[in-house]
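Residue-level listing of the chains:
Number of protein chains: 2
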Amino acid sequence: MVTIQDVARAAGVSAMTVSHVINDHPHVKTETRARVLQAITDLDYRVNVAARNLRTGRTGTIGLAVPEVDRPYYGQLAAEIITAAARHNLKVAIEQTGASREGELDALALSRNRLYDGLILSTVGLGPADTDLLKVDYPMVILGERIFDGPVDHVAMPNVEGARAATAHLIERGCRRVVLIDGGPPGDEVDVSSLRYDGYREALAEAGIPLDPRLLVHIDGLTMEQGAAAARRVSESGVEFDGAFCVTDTVAMGALRGFADAGVRVPQDVKVIGFDNIAEGAYIVPSLSSIDPDHALMASTAVRFLVGRLAEKGKKRQVAREFISRFTVVARESTGG
Amino acid sequence: MVTIQDVARAAGVSAMTVSHVINDHPHVKTETRARVLQAITDLDYRVNVAARNLRTGRTGTIGLAVPEVDRPYYGQLAAEIITAAARHNLKVAIEQTGASREGELDALALSRNRLYDGLILSTVGLGPADTDLLKVDYPMVILGERIFDGPVDHVAMPNVEGARAATAHLIERGCRRVVLIDGGPPGDEVDVSSLRYDGYREALAEAGIPLDPRLLVHIDGLTMEQGAAAARRVSESGVEFDGAFCVTDTVAMGALRGFADAGVRVPQDVKVIGFDNIAEGAYIVPSLSSIDPDHALMASTAVRFLVGRLAEKGKKRQVAREFISRFTVVARESTGG
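Sequence lines, in order, name chains A and F. For the first sequence, position 86 (counting from the first letter as 1) is numbered 86 according to the UniProt record's numbering, and the numbering increases by one without interruption. For the second sequence, position 91 (counting from the first letter as 1) is numbered 91 according to the UniProt record's numbering, and the numbering increases by one without interruption.
Extracted from the complex, chain A is given alone in its bound form (with noise of 0.2 Å):
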């Protein structure tokens, strides 16, 4: 059987050398590198995960648990808390909820019995109902569209602050009819559409604008699909708007395509401002005005507030911490540039 010291001495290095180059340290010069994973070829070395494992207890991999990671937003968010975790020397699985409370029941009570270390969870599904049900045993943190109560740690959005700021921003450019497009009337549920309605709302109080209840346009899912079907219904319905915030950016997308089809000029008959600010906004035409909660931010902090779980394993439990990442309104052309 070959060792990790056969291997570091075929390339003249340290064993912590060839350990460093197996777990994706970030430190280890391109051409040492190259002479390790040239050497594990020559030598067909394998580490004895299962052996390891049940050494360390750990995987080295933390799950991801989203509801599509095929939609913008979450497939970008991937990409950062993957970026991220490799920092911490942590592989991501990422799994599929299917935006569904049902879903997401199912990663909390199967996790432990997965090969994850920990678990980042965004939630659409779940309500402030479930808390219960978050309060797991191994370390996971509830990342984006929620705020829970509960004892969990999580990484949310200004969801009504960013809110406010989008229709501020429509009010400031002139709209005074502004349309919202969102994910369903306002509930008991804590989710982001009821979030950003909020913010809306406070929006309009503050412009000293009445709320009129024709420019609500609720969709069944926020996808670029009912973005477009929304847009086009309103187009059509013979109310007068000048203004319209999707309350997602994929939303938004499909909206200036529903606008599009009903000879709605964006942003000469209607401006248009998303939430997300996905990589794509800076490219469509017109270009997509939209609320930037700093992804990069978030995930990061999501990882850092992972990594500080799985290092406390066995000692004291810390209290629930929250972050709340900062925003900035991006204007461009949808919203007269």
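Keep in mind that the hints were calculated from the coordinates and are not lab data. Keep in mind that this is a model prediction, so the values were computed, not measured. It cannot be assumed that every hint is accurate.
Unchecked claim - Facing chain A, a subset of chain F residues (Cβ under 8 Å, in silico):
| # | residue |
| --- | --- |
| 1 | E31 |
| 2 | R35 |
| 3 | L37 |
| 4 | I40 |
| 5 | L43 |
| 6 | P72 |
| 7 | N89 |
| 8 | V92 |
| 9 | I94 |
| 10 | G98 |
| 11 | L105 |
| 12 | D106 |
| 13 | A229 |
| 14 | L256 |
| 15 | Y283 |
| 16 | V285 |
Claimed, not checked - Just the calculated beta-carbon pair ranges, DEER-fashion:
| # | chain 1 | residue 1 | chain 2 | residue 2 | range |
| --- | --- | --- | --- | --- | --- |
| 17 | F | E172 | A | G208 | 12 to 22 Å |
| 18 | F | R176 | A | R233 | 34 to 44 Å |
| 19 | A | S237 | F | E206 | 12 to 22 Å |
| 20 | A | A207 | F | F323 | 53 to 63 Å |
| 21 | A | L133 | F | G336 | 27 to 37 Å |
| 22 | A | D132 | F | R58 | 47 to 57 Å |
| 23 | F | T30 | A | D132 | 16 to 26 Å |
| 24 | F | G184 | A | T131 | 49 to 59 Å |
Using N, Cα and C, we set each Cβ at its ideal position, and we do this for glycine too.
Put chain F on the given structure of chain A with help from the hints.
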């Protein structure tokens, strides 16, 4: 210690059913599933993963190495792979290679030391000269961008044929001066750009249109940013053109932005087609014509090949399998609808 039998008794089902729920077996009734998950939670049951892995030699997780998960093409491909793998009761851990030969070699060299039962590797950096490095002793499937003659299972796109059809589509729509925006001058490497360049060249030859080197625009990386810069560059070059074939949809999305910046109208002044049929293409304005290589079929075939390799463990190795996907031309507004 709580056993699987305890869970089965509490839920009123067989131990086999509990096992199915834990392993995400697709054919468990929703109601039964909920009962089993409740019993797992109530009894605080956990699988001894390390013991199971020592027993089976399996982790139930396959690796998927892609250049970048935040590029729409790869995000959408990853989602298809996750869906296809779930049908075989496999989880997917995603790694990013950074689109570099070094990143891909790392994925190859280190996969056997990871917790993967096998690897699906989406290559863009490796070349035919690296064939020997692909002779790994764990199950692996090469996906997507490159054709090897080596001894490895692979699933590829019909790159030459698709590119020929894309270019022919522009010619059918009246274009005679077709710009090619691709990833670099054709070299010895069998990469996506050079294969699609071959298809472009063939379509021109078939139509009796001479190839004008001034219409070949090379970019440094297949990104929106590079696509936008290339479109601006060719628009300002003084060279006449009436069509543009971009080797990926991501590049084409950038090019649409670049043409808009330069005051070149799509499709009136220039007709544009991409390759990949990413979801965004149907919604942007103008909507993007493209070549659809049937990602779902590619993903399910790649997973099927890998599952086949997993099943033959220890048996005589089968010959390498190859699958070239089919394609369709999707005509949208960017080529006149």
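Hints versus structure:
A least Cβ separation of about 12 Å between E31/F and chain A goes past the 8 Å threshold, and the interface hint is therefore violated. Proximity of R35/F to chain A is violated relative to the hint, the smallest CB-CB distance being about 12 Å (cut-off 8 Å). With its C-beta approaching chain A no nearer than about 5 Å, L37/F sits inside the 8 Å limit, and its interface hint holds. Taken as an interface hint, I40/F checks out: its beta carbon lies about 6 Å from the nearest beta carbon of chain A, inside 8 Å.
Among the interface hints, the one on L43/F is violated; its C-beta lies about 12 Å from the nearest C-beta in chain A, farther than the 8 Å criterion. At a threshold of 8 Å, the smallest CB-CB gap from P72/F to chain A is about 6 Å, leaving the interface hint in force. The interface hint given for N89/F is violated, since its Cβ lies 13 Å from the closest Cβ of chain A, which is over the 8 Å cut-off. Evaluation of the V92/F hint against chain A yields a held restraint, the C-beta minimum of about 7 Å falling below 8 Å.
With a least beta-carbon distance of about 5 Å to chain A, the hint placing I94/F at the interface is held under the 8 Å criterion. Annotation: interface hint on G98/F violated; nearest CB of chain A at approximately 10 Å, more than 8 Å. With a least beta-carbon distance of about 7 Å to chain A, the hint placing L105/F at the interface is held under the 8 Å criterion. A cut of 8 Å between beta carbons decides the hint on D106/F: the least distance to chain A is about 7 Å, and the hint holds.
A distance limit of 8 Å between C-beta atoms decides the matter here; for A229/F the minimum to chain A is near 11 Å, and the interface restraint is violated. Proximity of L256/F to chain A holds as hinted, the smallest CB-CB distance being about 6 Å (cut-off 8 Å). The restraint placing Y283/F at the interface with chain A holds, with a minimum CB-CB distance near 4 Å, inside the 8 Å limit. Taken as an interface hint, V285/F checks out: its beta carbon lies about 5 Å from the nearest beta carbon of chain A, inside 8 Å.
Checked against the hint of 12 to 22 Å, the C-beta distance between E172/F and G208/A comes to roughly 57 Å, which is inconsistent with it. Under the hint 34 to 44 Å, the C-beta atoms of R176/F and R233/A, about 42 Å apart, fit the expected range. At roughly 50 Å, the beta carbons of S237/A and E206/F sit outside the given window of 12 to 22 Å. For the pair A207/A and F323/F, the supplied restraint of 53 to 63 Å holds, since their beta-carbon distance comes to about 59 Å.
Checked against the given bound of 27 to 37 Å, the beta carbons of L133/A and G336/F, roughly 54 Å apart, lie outside it. A hinted range of 47 to 57 Å is violated for the C-beta pair D132/A and R58/F, which are about 34 Å apart. Between T30/F and D132/A the C-beta distance comes to about 22 Å, which sits within the given range of 16 to 26 Å. A hinted range of 49 to 59 Å for the beta carbons of G184/F and T131/A is consistent with their spacing of about 53 Å.
Of the numbered hints stated above, those contradicted by the structure are hints 1, 2, 5, 7, 10, 13, 17, 19, 21, 22, listed in ascending order.
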